[in-house]
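Novice: Sequence:
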Amino acid sequence: MAQNRFFPAIGQLARKADTNPGDASDAQTQDDNKPLEEVQSLCMQCGEQGVTRMMLTSIPYFKEVIVMSFRCEHCGAANNEIQSASTIKPEGVLYTLKVLHRADLDRQIVRSEACTIEIPDFELQLPPARGQLTTVEGLLRDIATDLGAEQPVRRILDEAAYTKIQQIIDGIKEVLGDEEEVEDDIEQATRVASAAEQNKENPVKQVITLKLDDPTGNSFVEFLGSISDPKWTFKTYARNAEQNRALGLLPPDSTEQEDSTEEKKEADGNEEVYEFPGVCSRCTRPLVTRMKKVSIPYFKDTLIMSTNCENCGYRDNEVKSGAAISDKGKRITLRVEDREDLSRDILKSETCGLTIPEIDLALQPGTLGGRFTTVEGILEQVYEELSEKVYTVGDSSTMVDEDRQKFQDFLKQLKEITAAEKPFTLILDDPLANSYLQNLYAPDPDPNMEIITYERTWQQNDELGLNDMKVENYAADDPNEPNEESSIKEVAS
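End of the sequence shown = 493 in full-length UniProt numbering, gap-free, step of one.
One or more of the hints may lead you astray.
[To be verified] Straight-line Cα separation of at most 20 angstroms, EDC-like style, residue types lysine to aspartate or glutamate; simulated pairs:
| # | residue 1 | residue 2 |
| --- | --- | --- |
| 1 | Lys-293 | Asp-316 |
| 2 | Lys-173 | Glu-113 |
| 3 | Lys-292 | Asp-345 |
| 4 | Lys-422 | Glu-350 |
| 5 | Lys-235 | Glu-118 |
| 6 | Lys-412 | Glu-463 |
| 7 | Lys-98 | Asp-338 |
| 8 | Lys-211 | Glu-337 |
| 9 | Lys-406 | Glu-416 |
| 10 | Lys-164 | Glu-222 |
| 11 | Lys-173 | Asp-213 |
| 12 | Lys-89 | Asp-213 |
| 13 | Lys-320 | Asp-345 |
| 14 | Lys-412 | Glu-450 |
| 15 | Lys-292 | Glu-376 |
| 16 | Lys-211 | Glu-73 |
| 17 | Lys-422 | Glu-463 |
| 18 | Lys-320 | Glu-358 |
| 19 | Lys-293 | Glu-350 |
| 20 | Lys-412 | Asp-429 |
| 21 | Lys-330 | Glu-463 |
| 22 | Lys-415 | Glu-463 |
| 23 | Lys-415 | Glu-337 |
[To be verified] Computed beta-carbon distance windows for the label pairs:
| # | residue 1 | residue 2 | range |
| --- | --- | --- | --- |
| 24 | Leu-303 | Thr-333 | 42 to 50 angstroms |
| 25 | Glu-159 | Ser-228 | 30 to 38 angstroms |
| 26 | Ile-227 | Leu-249 | 39 to 47 angstroms |
| 27 | Thr-236 | Gln-125 | 15 to 23 angstroms |
| 28 | Pro-277 | Trp-458 | 39 to 47 angstroms |
| 29 | Ile-325 | Gly-369 | 56 to 64 angstroms |
| 30 | Phe-410 | Glu-174 | 37 to 45 angstroms |
| 31 | Lys-292 | Leu-249 | 34 to 42 angstroms |
| 32 | Leu-303 | Phe-410 | 52 to 60 angstroms |
| 33 | Glu-174 | Leu-386 | 31 to 39 angstroms |
| 34 | Asn-311 | Lys-205 | 16 to 24 angstroms |
For the record, the hints were derived by calculation from the structure and aren't laboratory data.
Where is the CB? At the ideal position from N, CA and C, for every residue including glycine.
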């Protein structure tokens with residue numbers, strides 16, 4: 001309650017200002033213990049004293065903020081900014097907004113001083129700057145104004161830069177729907193504004209994507225209706241070490257280097273994320289595949305790869321071994337008895353087969369690809385694959401009633417073991433020994449788990465391509481390269 005008293009909703013303050021437009025300060029201070037403060041401040045342009053006004057308010061579905069406005073009556077200098085009234089969040093945020101209609105230009109934006117704004121359609125990225133409370137339209141107009149300030153000079157000194165920036169300015173004006181400015185005709189300006197208000201659902205002339213990336217988590221983009229707004233997406237992410245240093249949450253890099261060890265270097269290497277450009281297999285648009293090395297305790301290093309297409313939403317995750325090929329295969333058998341066993345981490349490589357004898361489930365190597373999840377997670381993936389895709393392949397009407405009933409019974413049993421309603425046995429058989437199942441008693445043996453190593457058969461080696469693999473004496477198999485025996489014969493002759 002005390003927080004609401006000091007940080008009234010922004011709509012509440014707006015209604016009070018409308019009630020007493022002549023003295024908004026008095027209207028705001030009747031019940032709210034004077035949330036609007038005025039402070040004498042030095043103007044950095046003329047050196048005279050100006051006035052800074054500060055208002056404490058809260059933004060719905062977001063947080064408490066401090067809005068500050070400065071104005072100098074002597075030279076006319078003015079600016080405004082916003083600061084978060086809360087602490088840095090544990091995770092960063094990434095907002096993505098598709099501007100499709102004119103109504104999207106009225107969405108509210110809170111930009112913190114650590115926020116980076118990107119408009120991929122214009123290949124434009126704005127670095128962190130002062131905090132700002134505005135709308136999408138206000139942000140775009142500010143960008144166009146800032147870029148256009150030095151255009152006359154650029155046109156003379158650097159025509160290439162002038163042309164590129166002018167294309168961005170023209171594109172922003174196209175999004176805003178700005179026509180030729182008519183400052184002298186007030187009636188026409190009023191008519192244009194009224195028409196724009198009535199046509200908010202009309203599409204914009206150029207669709208753009210607006211991205212706000214804030215490692216502090218203190219930025220915000222308004223959604224319409226609910227968070228299921230199709231034009232609006234919100235994601236959180238873990239900050240990396242560089243971002244934490246920039247925010248002052250970690251000591252400088254030089255301090256860490258002075259106190260480094262071999263183990264620490266290895267850990268830092270594992271934190272590094274590599275990015276590889278590629279093409280989406282669905283929409284053929286450019287995308288980025290990210291790869292990271294992860295060290296699993298009591299196992300080995302693995303490579304986790306993630307592909308995410310921002311255009312069509314396609315996602316794919318894959319796990320690869322980061323170690324050498326094992327000399328022997330491995331078979332892991334786990335007796336699952338309760339929900340605690342379902343929470344065990346599991347790494348199923350693409351060469352691993354999965355079997356559950358109780359329900360006659362057998363997944364051949366290659367099914368589902370490489371996965372790093374939990375026992376419950378991989379069972380849910382199997383259920384989704386079977387329940388959603390089986391009937392979409394071919395003509396499902398050709399399935400006889402008896403087979404259909406058997407399949408439904410199988411799915412029911414799979415659902416039961418996924419919920420740990422009855423015990424079952426999980427078997428992972430990997431001829432390359434690249435799969436893993438978490439031992440809850442590590443480093444001691446797990447009483448519910450049995451691990452057996454075995455020699456691979458010739459057929460398994462052949463299927464894995466190991467029989468034809470040659471790691472030394474390559475020249476002996478090259479028909480163009482004479483071997484040692486033929487060289488001796490030539491010399492003797």
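Novice: Run the distance test for Lys-211 versus Glu-337: straight-line Cα separation, threshold 20 angstroms.
Specialist: 46 angstroms, violated
Novice: Between Phe-410 and Glu-174, does the beta-carbon spacing fit 37 to 45 angstroms?
Specialist: 57 angstroms, violated
Novice: Does the alpha-carbon distance linking Lys-89 and Asp-213 stay inside the 20 angstroms limit?
Specialist: At roughly 13 angstroms apart (the allowed maximum being 20 angstroms), Asp-213 and Lys-89 satisfy the hint.
Novice: Measure nothing beyond the straight line between the CA atoms of Lys-406 and Glu-416; if it is 20 angstroms or shorter, mark the hint as holding.
Specialist: 15 angstroms, holds
Novice: Holds or violated: Lys-211 with Glu-73, Cα cutoff 20 angstroms?
Specialist: 36 angstroms, violated
Novice: Straight-line Cα separation of Lys-164 and Glu-222 no greater than 20 angstroms?
Specialist: Roughly 31 angstroms between the alpha carbons, so the hint for Lys-164 and Glu-222 is violated.
Novice: Does the hinted range 30 to 38 angstroms hold for Glu-159 and Ser-228 at CB?
Specialist: 47 angstroms, violated
Novice: Against the 20 angstroms threshold, does the CA-CA distance of Lys-412 and Glu-450 hold or violate the hint?
Specialist: Measuring from Cα to Cα gives roughly 28 angstroms; hence the hint is violated.
Novice: For the pair Lys-292 and Leu-249, does the Cβ-Cβ distance stay inside 34 to 42 angstroms?
Specialist: Roughly 21 angstroms apart at Cβ, these two residues miss the hinted range, so it is violated.
Novice: Verify the proposed pairing of Lys-98 with Asp-338, using a straight-line Cα cut of 20 angstroms.
Specialist: 45 angstroms, violated
Novice: Compare the distance between the alpha carbons of Lys-415 and Glu-337 with 20 angstroms, and conclude whether the hinted pair is satisfied.
Specialist: 15 angstroms, holds
Novice: Is the gap between the beta carbons of Ile-325 and Gly-369 within 56 to 64 angstroms?
Specialist: 19 angstroms, violated
Checked against the numbered hints above, the structure breaks hints 2, 4, 6, 7, 8, 10, 11, 14, 15, 16, 17, 18, 20, 22, 24, 25, 26, 29, 30, 31, 32, 33 and satisfies the rest.
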